[in-house]
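Those sequence lines, one after another, are chains A and B.
For reference, each letter of the first sequence is one residue, going 1 to 302 in the numbering used here.
For reference, each letter of the second sequence is one residue, going 1001 to 1317 in the numbering used here.
Hints listed in this document are in silico derivations from the structure and should not be mistaken for laboratory results.
Cβ coordinates follow ideal geometry from the N, Cα and C atoms, glycine included.
Treat the hints with care, since some could be wrong.
[To be verified] Distance windows between CB atoms, simulated:
id : chain 1 : residue 1 : chain 2 : residue 2 : range
1  : A       : G240      : B       : D1076     : 39 to 45 angstroms
2  : B       : Y1050     : A       : R70       : 50 to 56 angstroms
3  : A       : I197      : B       : F1020     : 40 to 46 angstroms
4  : B       : M1052     : A       : L156      : 25 to 31 angstroms
Below, each chain spelled out in residue letters.
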Amino acid sequence: MAKVPGISTDLGSNQVVEVPADLGDERSVARQLGWGFWLCAGWLALVVILAVLAPILPLADPNKTAVGGRLEGPRSGLWFGADSTGRDVFSLTIWGARISLLVGLIAIVVGFLVGGTVGILAGYFRGWFDKIVSFIFATLLSFPALILAILITTLLGRTVFWISISLGILAIAPVGRLARAQTLVFAEKDFVVAARILGASDRRILTRELLPNVVIPMSALALLGMGIAIVAEGTLAFLGISVADGLSWGKQIFDAGSRATDLQNGPHAALFPIGVVFLTVLALNYAGDRLREVFDAKELAF
Amino acid sequence: MKVVAQRLGQMILVVLAVTFLAFAAMNLLGDPLFNILGPVAAAEEGDPNYSMVVEARETYHLDDPFVVRYGRWLGDVATGDFGRSFKNQQNVRTILADKLPVTVLLMVYAQVIAVVISVPWALWTASRAYRLGDKVSTVVSFGLLGIPVFALVVVLFWLFAVRWEIFPTRFDDADLGSRLWSLFLPAVALATPLIATYQRLLRTDLISTLQEDFIAVARAKGMSRWHVLFRHALRPSLFSMLTVFGIQTGALIGGSIVVEQYFGIPGIGRAVIEAIIRDDFPLVLAVVVVVSVIFVLVNFLVDLLYSYLDPRVSFDG
Chain A
1 MAKVPGISTD
11 LGSNQVVEVP
21 ADLGDERSVA
31 RQLGWGFWLC
41 AGWLALVVIL
51 AVLAPILPLA
61 DPNKTAVGGR
71 LEGPRSGLWF
81 GADSTGRDVF
91 SLTIWGARIS
101 LLVGLIAIVV
111 GFLVGGTVGI
121 LAGYFRGWFD
131 KIVSFIFATL
141 LSFPALILAI
151 LITTLLGRTV
161 FWISISLGIL
171 AIAPVGRLAR
181 AQTLVFAEKD
191 FVVAARILGA
201 SDRRILTREL
211 LPNVVIPMSA
221 LALLGMGIAI
231 VAEGTLAFLG
241 ISVADGLSWG
251 KQIFDAGSRA
261 TDLQNGPHAA
271 LFPIGVVFLT
281 VLALNYAGDR
291 LREVFDAKEL
301 AF
Chain B
1001 MKVVAQRLGQ
1011 MILVVLAVTF
1021 LAFAAMNLLG
1031 DPLFNILGPV
1041 AAAEEGDPNY
1051 SMVVEARETY
1061 HLDDPFVVRY
1071 GRWLGDVATG
1081 DFGRSFKNQQ
1091 NVRTILADKL
1101 PVTVLLMVYA
1111 QVIAVVISVP
1121 WALWTASRAY
1131 RLGDKVSTVV
1141 SFGLLGIPVF
1151 ALVVVLFWLF
1161 AVRWEIFPTR
1171 FDDADLGSRL
1181 WSLFLPAVAL
1191 ATPLIATYQR
1201 LLRTDLISTL
1211 QEDFIAVARA
1221 KGMSRWHVLF
1231 RHALRPSLFS
1241 MLTVFGIQTG
1251 ALIGGSIVVE
1261 QYFGIPGIGR
1271 AVIEAIIRDD
1281 FPLVLAVVVV
1291 VSVIFVLVNF
1301 LVDLLYSYLD
1311 PRVSFDG
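Same shape as in the complex, but just chain A (with noise of 0.2 angstroms):
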């Protein structure tokens, strides 16, 4: 570094004060997630790619009976074995991942657009539109979740969209919650006032100041989310309550999980779909947690 004549970056004393290159964070957001991330994205992605090919993938129909022999364990050509009236197990789970996912998906959009929407307004504008919002969030939490979407579902009908609806509205309150608590932080900062006393319009405060501070960090929360919506699906499945005629994982499970005799004679029925499912659940857990902590986003109460 050149010395300018007349500055002296000597302290007097033999201190000097060291400017860092970079203020910033100098490793890439994609070496700070860790290895353990991306082995999650990678199992995601594997599961997701299986899953959207499931109908060009050479793979036994899976509602068709007698492909193996009942309860047959696993062996190659028939990687998880036969179900208790012959069905491929393997095939199964690929077909139940389609539903699975696209519930835990759509979930977690609609709970993001609606929930974050009106807790951003709620936070922004606040008055009695936001003692109303604040009022409706509060009593969303107050019911049991699983009651709320039997409730639902059985009300407005076992197809993908009307369960992926319900557990949507499931997600709203908690994100609103979120979305409302960090507009309230952030409207108060020293940029919004700025673009307020600039004269910048309500529309315009809420889009380009609000919205990417406040939603983009919660989006990291959105894998997480989509596992909680995962698991729902999964157990309104289990009880028989979730899409009327279509394979899902919980469902899979329940067939092959319900009967003593068939856990005894072929557990493996049960457990390679119990085993995926874990999996994934586990895969998008991890993969949310890092990404929350990486963006330093506020975790989300459900």
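Could you slot chain B onto chain A? The hints should help.
This is chain B only, laid out in the frame that chain A set:
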């Protein structure tokens, strides 16, 4: 006391809103007449069955405006009258009295197991934070959190009831001992996610409490490690865990539906599933009332407990 009264008022408001929502949903989206009478409900004037329709309309006051019906239902509930089940005309209060105890037993059982396991576990991990045992515990805890209850029940049932035949496969209602014995697997399944949640929260809070001066003083006075952990560090660290304890009661109610259905336990969770599928309004509404009152009450008690845990938290402040 003013704050307590305010909280109570808020609680009543929430319960009212929850029941109104459930009442509205069931009435607006379903057809109560159809659920009472079945296909006969479609009978029109002149049809021989039409008198039944008129009669049902009168007994259930179906012609009154919606809000009037909600008001009447609320008045009945306030006097302890939950009406009769559409299914077999059984008094809903009898059904509740019959099914609620086993569900409450199951939930308390699960909470006890969760606390008994998670508190010592958290103390142990916090006292050796960031060392190997703690790191392994964090991974285990994270894994436990990822197992859905519906998958866990199958695994537990397969291992302990089918394979090793330690526990009975069916619920045994003979006496309290056999009830507790046969409810053990269901309760463990319910408790597992709670154990992980409590351990994580309590560990974090304990680690920050252990940094405080009064802990160093207690240790310097020569008190043993476990004495300090139990008698000094635990109480001020219980806040987050307690808050979640209240919130988790809701999740527990959901979990108990799965567990009761799978293990064939004749509790309220099983009853409500059947009732919802059959659109049995009085029973569903009664369960919604009971469940939301339990949930709100537990959370209210948790709030009261805060000031016991830390006298600086005051309701009169």
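Tested hints:
Separated by about 32 angstroms at the C-beta atoms, A/G240 and B/D1076 break the suggested range of 39 to 45 angstroms. Judged by the Cβ atoms, the range 50 to 56 angstroms given for B/Y1050 and A/R70 holds: they are separated by roughly 53 angstroms. The beta-carbon spacing between A/I197 and B/F1020, approximately 43 angstroms, falls within the hinted interval of 40 to 46 angstroms. Restraint check, B/M1052 to A/L156: a C-beta distance of roughly 29 angstroms satisfies the suggested window 25 to 31 angstroms.
Hint 1 from the list above is the single one not met by this structure.
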